Amino acid sequence: MEKILQVIDLELSFHTFAGEVKAIRGVSFDLHKGETLAIVGESGSGKSVTTKSIMRLLPETSSEFKNGEILFDGKDLTSLPESGMQKIRGKDISMIFQDPMTSLNPTMPIGKQVMEPILKHQKVSKAKAKEVAIELLKMVGIPNAEVRYKMYPHQFSGGQRQRIVIAIALACNPKILIADEPTTALDVTIQAQILELMKDIQKKVDTSIIFITHDLGVVANVADRVAVMYGGRIVEVGTVDEIFYNPQHPYTWGLLSSMPSLDLEEERLYAIPGTPPDLLNPPVGDAFALRSEYALKIDLEQAPPMFQVSDTHYAATWLLHPNAPKVEPPATIIERMKTFRGSRYYEGTDGNLGGEA
Amino acid sequence: MAEKLLEVKNLKQYFNAGKPSEVKAIDDISFDIYRGETFGLVGESGCGKSTTGRTIIRLYDATDGEVLYDGVSVHGNKSKADVKSLNQKMQMIFQDPYASLNPRMKVLDIIAEGLDIHGLVKNAKERKQKVIELLETVGLNKEHAERYPHEFSGGQRQRIGIARALAVNPEFIIADEPISALDVSIQAQVVNLLRDLQKEKGLTYLFIAHDLSMVKYISDRIGVMYFGKLVEMATAEELYKNPMHPYTKSLLSAIPLPDPIYERSRVRTPYNPDDHKYGPDEKVEFREVAPKHFVLCSDKEFEEMKTQLK
Amino acid sequence: MQLDKQQLPPEKFERVVIDTDSAERISKPSLSFWQDAWLRLRKNKAAIVSMVVLVLLVLMALVGPHLNGRSGDVQNLRHANLPPKIPGIEKLGIFNGVGELGGQKLDLYEVKKVDEYYWFGTDGLGRDLFTRLWEGTQISLLIAFIAALIDVVIGVAYGGISGYFGGRTDDVMQRVVEILIGIPTLIVVILMILIMEPGITAIIIAISITGWIGMSRIVRAQILKFKGQEFVLASRTLGASHNRIITKHLLPNILGIVIINTMFTIPSAIFFEAFLSFIGIGLQPPAASLGTLINDGYKVMEFQPYVLLFPALVISILMIAFNLIGDGLRDALDPKMKD
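Chains as they are written, first to last, in our numbering: chain L, 467 to 823; chain A, 12 to 321; chain E, 3 to 341.
No lab work stands behind these hints: they were computed from the structure. Just so it is clear, the structure is predicted and the values come from calculations on it, not from any experiment. For glycine and all other residues, C-beta sits at the position ideal for the given N, C-alpha and C. Careful: at least some of the hints might be erroneous.
Stated by the list, open to error - Covered by chain E, according to a simulated footprint, are these stretches of chain L (three or more residues, beta-carbon under 8 Å):
(1) 532–543
(2) 564–574
(3) 618–627
Said to hold, decoys possible - In silico lysine to aspartate or glutamate, DMTMM-like type, Cα no more than 20 Å apart, as pairs:
(4) A:Lys-30 to E:Glu-13
(5) L:Lys-596 to L:Asp-565
(6) L:Lys-804 to A:Glu-274
(7) E:Lys-250 to A:Asp-72
(8) A:Lys-303 to A:Asp-107
(9) L:Lys-557 to L:Glu-530
(10) L:Lys-669 to A:Asp-107
(11) L:Lys-488 to A:Glu-14
(12) A:Lys-260 to L:Glu-767
(13) A:Lys-240 to L:Glu-501
(14) E:Lys-14 to L:Glu-601
(15) E:Lys-250 to A:Asp-120
(16) E:Lys-229 to A:Glu-274
(17) E:Lys-229 to A:Glu-48
The task is simple: from the sequences and hints, build the whole structure.
Here it is as structure tokens:
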């Protein structure tokens, strides 16, 4: 599979009044052509910062790349001058933000806003740009695009505004679309429509999507691959099935079991105790160990490396080390694992292929 | 479950009533909440669910209709003593853990506010003792009392908000989207805490949310609101198994679940209010299609639904 | 990914029980809003330097008039029009009492046979300018502080009531403000001075009569913002009285903005007083304020620039210092307002 973007060992800090906040502490991942990679994590896990650093949208004065590189199209985006970045932003990589209310300019007709990136990055006439803009608005499902083209953002509903934002992001056929919690501010029914639209569009224009969210339901819906972030690091990465049906990291276990399922009757929800780590003074070793009932001695001393589970599945937990004791995941996780061919709890009928031991 | 604790009767809340900008935030809704149960109220933003909660607790004056708490009307002119006793029995937990705590006050004073207003403690020592007890109830400890809200994480703040509500020993708590601003791993903590407290203290909840999976988990009965109207009300189990109103169906079909295999086959049913095609003389009412299962429907729809159920 | 085969002793892989309470612990020291703001303010060098300068100026305004034992309104015509002469510095070639007399540079102290030192010189009536300068600063600061205080009291009360009670009260009160704002301040002031005897009281009233409007608008906007916040709603559901909501919840939260705004009101009051005195409808001689001193100095600017120099310096430093402190406080108290 063609790698379109490579993030290698990225480290980034913010300088604040209180000191240095190590927001990203060694993040590596690849983005393949045409796939949707979901980055999941809680607020403060570094998921948004990672994508903002790809777009170089962080304030230059307070943020600093400590290490690593972001390779796109043979260039390292961490060291590209601002002028070079401007050619990439909106053309090769574009972004959709969380709040459709604030990501549009309220004083400009929406058609003009869709035309803007086209006129900036492509050598076309105004008439042609307008044509393309109307085409885009139709594609994202704005009815009556020729008429509504001249309307202002406040004349649209939240869901429609997010559609317009998507149209702007798609204006130059970007190779990568970064969606930062694009549906969090929307209602469930609108969210479902936007997710359908994004999947639809991906099929049509064949762009790669990085989808940031904290909602595991949304991840299950849109993602091909999933990276789980915690405390400024990726703790587990794999295909969507691997993450949901054969998770290996205790944090992923916790996340998956803390959601109530609609059909299971549970007495008590599984809750991850405590609060996320303070990245001003990140804990030594595995950042999640302090909240984990599966913590090992070594977790408190040394950060775990990425252990390979399968060709596509990696997890950073000492539990995967050959010397580590075998532990029982929470009951709901075992339920999930039972359905996954290749997990050690697999209850399928294809003989002894299941189970890794 | 037999005793009615709260009765909402034909409640209406119009903002800017009589002006062209009139908004019918709540348009004639009625429901009861029984002692010891959790009643979930779901709907999309702007459907009036939060306004309902706020009107019940007298943050807004109702335009019409009444709310009876333990048989006594909540609205209208009341003596100071009556208002005080209502304030003590009915409490609220808010949505935004960042905006719901006064940033200039110590946690000790935030939690003790109810104690001070209702004169529940005699001296500073007892006050502090009581606050520490409350902090421990919600899983925090006494070191947290002297700190300021900005030092806490979202989940911790929400628990401080719960402790503040618990300080006056309420019977009935309105939880206005208490978890929607929290991270997934923290939501479970807060929901578990609310459940434990309910068991321990026999609390009654009105749980307002837009996250249907959590609502189903915590609620005994659920009401679904759409544009100021209650369109369906049933026990949690029944509502998920046999949703009747097309809006409820559409809402249920839109929730993404953390289950990729299910997600690949999930089909969304869209809802369009025009599909009802109500005639001008059709009476659209809240009717009981099955025991304890109410749906807002016309006569014709009512008959159809009944046959569907059989 | 490559560390897979790293050798680690098996005992490292023992399971440990984590005390989950430790995850609730907050390691940072507890800081109140004001302590936190002070930490931020301390890092703002301009604001700190301005504070030191301001404290020195205020001290001088208090003790300055008594330092050399001369009174500011005693006239000594024999000692008129003397340039500054400061012991010690005189040897450096400046402040040595040399001034122009009939086109020639002469030590005027020798010419007039004066043995005393007038640090900042004397004016045409032989009054000691050093003493007069600090007396003037004192009066200017006094007027500014009182005017700012009145602004705060009226502005906060008016804006607070208007914003908190809202509805019809708010409508009426805002119409009144709009009418007041429509009248040009200078006309009001001139009319005031015509009715009243010119003096400190008249000036203070003149400055305050419309000065509180800006404050009241800011306070009203803040109250409107905070009264809908959930912590105020929570307090209402607990049954808090208006009094409690205002004093415990609203005022502490708007205090920061009020302080910042006051820091900008004071220098504008100083400036307005100076302006009134300069155009001759402010303080009347022999009383000194920075405005009257500048007015005096301006008349003899070409021949005796020192008469203008010192009051102009003091008023400039005061204005800059107050503004820098205001800026620093704004960044410290309300980091979000920075841009």
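Here is how each hint holds up against the structure:
1. 532–543: With 0 residues close enough to chain E, the hint is violated.
2. 564–574: Violated: only 0 residues of the region 564–574 of chain L have a Cβ under 8 Å from chain E.
3. 618–627: Three-residue rule not met by the region 618–627 of chain L, so violated; n is 0.
4. A:Lys-30 to E:Glu-13: Judged against 20 Å, a Cα distance of about 76 Å means the pair is violated.
5. L:Lys-596 to L:Asp-565: This hinted pair is violated, its Cα atoms lying about 25 Å apart.
6. L:Lys-804 to A:Glu-274: holds, 18 Å
7. E:Lys-250 to A:Asp-72: violated, 25 Å
8. A:Lys-303 to A:Asp-107: Since the Cα atoms of A:Lys-303 and A:Asp-107 sit roughly 33 Å apart, the hinted pair is violated (cutoff 20 Å).
9. L:Lys-557 to L:Glu-530: With a Cα-Cα distance of about 25 Å, the restraint between L:Lys-557 and L:Glu-530 is violated, given a limit of 20 Å.
10. L:Lys-669 to A:Asp-107: Judged against 20 Å, a Cα distance of about 38 Å means the pair is violated.
11. L:Lys-488 to A:Glu-14: violated, 55 Å
12. A:Lys-260 to L:Glu-767: Cα-Cα ~51 Å, so violated.
13. A:Lys-240 to L:Glu-501: Violated: A:Lys-240 and L:Glu-501 sit about 42 Å apart, past 20 Å.
14. E:Lys-14 to L:Glu-601: Measuring from Cα to Cα gives roughly 61 Å; hence the hint is violated.
15. E:Lys-250 to A:Asp-120: holds, 10 Å
16. E:Lys-229 to A:Glu-274: violated, 43 Å
17. E:Lys-229 to A:Glu-48: violated, 32 Å
This entry does not satisfy hints 1, 2, 3, 4, 5, 7, 8, 9, 10, 11, 12, 13, 14, 16 and 17, going by the numbered hints stated previously.
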